[in-house]
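S.K.: Chain by chain, the residues run as shown.
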Amino acid sequence: MTGEQIMFYLLGGGAVLASAAMLLPPMGRSPIHSAISLIVSFFFLAGLYALLSAHMLSVLQIIVYAGAVMVLFTFVIMLLNLNADELQESRITPGRIAAGILALFVFGKLATAIQLTTAGAQSVDLSDPGFANFGSVPEVGRMMYTTFLVPFELVSVLLLVAAVGAVVLAKRSMKYVDRPLPPPAGYEHPAPSDDEGGHDAHAHGGGH
Amino acid sequence: MLHDLALITPQLILLIAALFTLVADPFLPIDASRKFWGLFGAGMSALAVVACAVLWKYGPFEMHTPAFSYHLSASGHALFFTALVSMCAMITHMSSPEYLVEQKSHYGEYYALLHFATFGMAVMVSAESLLTLFIGLEIMSMSIYVLVAFKRTSQASVEAGLKYFVMGSVASAFLLYGIAFLFGLSGGTSFIEIQRALLAPKPGQDLWLGLAVVLTGGAFLFKVAAVPLHMWTPDVYEGAPTPITGFMSSAVKASAFGSFLKFLYAGLSGPAMASLHLPLGQVLGLFAVLTMTVGNILALTQRSIKRMLAYSAVAHAGYLLLGTIATIDDPTLGAPFLAPTGAVPFYLVGYALASLAGFAALSSLGKNGEELTTEGHLAGLSKRHPIAALALTVSVLSLAGVPPTLGFFGKLQILRDVLAVENGKYLPHVIILVLNSVVSAYYYLKIPVAMYMRPDSKANRQYVREPSLTWAMALPALALLALGIMPGRAMSWASRSEQAIRAGTESANVAHSYAVVKGGGSAKPVAAVALEKPVAAAPVR
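Going down the list, the protein sequences come from chains A and B. Take the first sequence: its letter number 180 is residue 180 in the working numbering, and every next letter is one higher. Take the second sequence: its letter number 77 is residue 77 in the working numbering, and every next letter is one higher.
Just to be clear, a hint being listed does not mean it is correct.
With a straight-line Cα cutoff of 27 angstroms, these simulated BS3-like cross-link-like pairs (lysine-lysine) come out [stated by the list, open to error]:
(1) 109/A / 202/B
(2) 171/A / 446/B
(3) 104/B / 35/B
(4) 171/A / 383/B
(5) 383/B / 446/B
(6) 171/A / 104/B
(7) 163/B / 104/B
Residues on chain A that point at chain B, a partial pick, calculated with CB under 7 angstroms [what the hints assert, rightly or not]:
(8) 57
(9) 109
(10) 154
(11) 157
(12) 159
(13) 165
The hints are simulated quantities; they were obtained by calculation from the structure and are not laboratory data. Computed from a predicted model, the values in this text were never measured in an experiment. Backbone N, C-alpha and C define an ideal beta-carbon position, used for all residues, glycine too.
Working from the sequences, and respecting the hints, build out all of it.
M.R.: In structure tokens:
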């Protein structure tokens, strides 16, 4: 076993253990403990990325996921402040069993597929000078501003939409100025005497 | 670079409109904002349609012209669908202001989000790579989630927004997972790279491809609201602001089907799909039959017109899925493609116009923060608002497929194309479609009956003040009649749209064999060859 393989099994095993701890009791019972297990799992994954020579991805994993996203998670959990009654004991239901079987099936398929794909594959020597820049920050940046320029710019639009949307939905207390539209010039009221809504609006409209 | 920018003019117009609305809205006084944004939005959307038309007619471009390193294109397909969704946006912008004021939810962000949604759709249907397709889809979905929940004082609207958000996010995750597998298989995200990779079988390919097909297919079926992934439709359509319901059933459906066609045709075809032995046509046929039957039966029992039209939207997704079969004609079996007659894009034009006219008419029914859209509220509408009644009548006649309207020709085209596949292989499906149309006529015709034959009740009175809302009902209804009388032009546009996908797919295959003959085969040369030697497009009928 090479050093790389030992590192892989250590990191991979750690990631699996941390993920298991996230879901299963005793850690899985408290949302905060689950979130912390998730952070640990993210760190192990970052290590795996580093092993794959994806330095940039590895650092981003820690900054973005273990940093920003998890801070958000823990904030939300603390804001909700669920107590023991609201956190129901997880029970085994037919739906969950079916979901578990489906997940196992997909896992089996994926494992077979990986086995088949990698059977005759040759490993790439990343110490080769041709791969000197592989996964580095300049290389990723170059890709982002050349080949993937359009998706990169589009993602900024997506983030803008998300930000605008969040403000629109969250500003519930914003005062709404209720001023009905005035009727257009030359508009003839169909039946002013018994049309309550229309009459109301008409009166308001006349005020401007 | 400038050339590339010229190719995406329609998208740029929509994006600029969105950003301008966002920046300028705070500076406008409230009354001006209510008058201005609807007209501005309609104008900019119309400008995007014009830009599409100019590119379509005068562009020095082949049918399949990728821009920005194979991320976007201005192919006939992209332009057709961009123009279609921009047209839908134009009508929605026109029908919105009065409705929003009446529902006490008029804020400028609405129009910006509507532009963003249209921009997302335009990107999605012009995408030449799965990465762009996904981001476009997300821009669209994100805007629509917020627009659905835009009436923030209404519980139904917020609930609808949350439901759509949660379920839509799961569907997006599935799509992304499927795309990741396709990327792993081919080492690239653009359709041309995927096609090239799928030409040669590799060990383990079948499993990856199968997973990718199931995951991406599921996500698309969710977006078009096919049974059994239709559960969100009635609640979301009913809770959303009425103009947005119209926008969802026209533009969202059109863009979802547009990119689904492209994806099936350009992404998942070729020898690798054939070796998968997945009867894609049969599977889609089963979903189509289920979707149209369940949609129509559930629509029969609805009291709220919005809810009824939501189930009718599900049923129409079924008809369109059946049309999709005719278009793809089992590429899995290695059979040659049919001559693309454009049944699905053509049907989408009729369906989008009918939805827009219908929901614009329904937008006028409501006052003081209330929507009055049950069957009882429609009673005697012909007396109160003859234009709305007439527009709604034309709309439901087209949805039911009654002859002088465009809906009839759309259905006819789908029936004809599906019957032509392998000498009536799908005859049972076609019979079920016809039976479904008969069933649907019952609930559609309830609407004109209520409007023209029931007495007017005083409690229902309301009136339309904005001429733009009247035009928003009248224009699509007139277009339905005009195109119904002269369908030839729209048909040739639709068929050119499908030919464009085909030309793109074939140019990839031809380029590959060309490269193989010349001894090449790496990514760059093939792409370059495809650019130099586009296959001459089949003549437009």
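S.K.: Taking the hints in turn, state whether each one holds.
M.R.: To see whether the hints hold, each was checked on the structure:
A hinted pair counts as satisfied when its Cα atoms are at most 27 angstroms apart, and residue 109/A with residue 202/B qualifies at roughly 16 angstroms. For the hint pairing residue 171/A with residue 446/B, the CA-to-CA distance comes to about 41 angstroms; that exceeds 27 angstroms, so the pair is violated. Using a Cα cut-off of 27 angstroms, the hinted pair residue 104/B and residue 35/B holds, with the two alpha carbons roughly 15 angstroms apart. Among the hinted pairs, residue 171/A with residue 383/B is inconsistent with the structure: their alpha-carbon atoms are about 41 angstroms apart, more than 27 angstroms.
Taking the CA atoms of residue 383/B and residue 446/B, the gap is near 17 angstroms; set against the 27 angstroms cutoff, the hint holds. For a cut-off of 27 angstroms, the pair hint linking residue 171/A to residue 104/B stands: about 15 angstroms separates their Cα positions. For the suggested pair residue 163/B and residue 104/B, the alpha carbons sit about 23 angstroms apart, so the restraint of at most 27 angstroms is met. For residue 57/A, the shortest C-beta to C-beta distance to chain B is roughly 14 angstroms, which exceeds 7 angstroms, and the interface hint is violated.
Interface restraint check: residue 109/A against chain B, minimum CB-CB distance 6 angstroms, threshold 7 angstroms, status holds. Satisfaction of the interface hint for residue 154/A is found here, the shortest Cβ-Cβ separation to chain B being roughly 4 angstroms, below the 7 angstroms cut-off. Restraint check, residue 157/A versus chain B: the minimum CB separation of about 6 angstroms is within 7 angstroms; hint holds. For residue 159/A, the suggested interface contact is broken, since its CB lies about 9 angstroms from the closest CB of chain B, more than 7 angstroms.
Given hint, residue 165/A at the interface with chain B, holds; its Cβ is 4 angstroms from that chain's nearest Cβ, closer than 7 angstroms.
In this structure, the hints that do not hold are numbers 2, 4, 8 and 12, in rising order.
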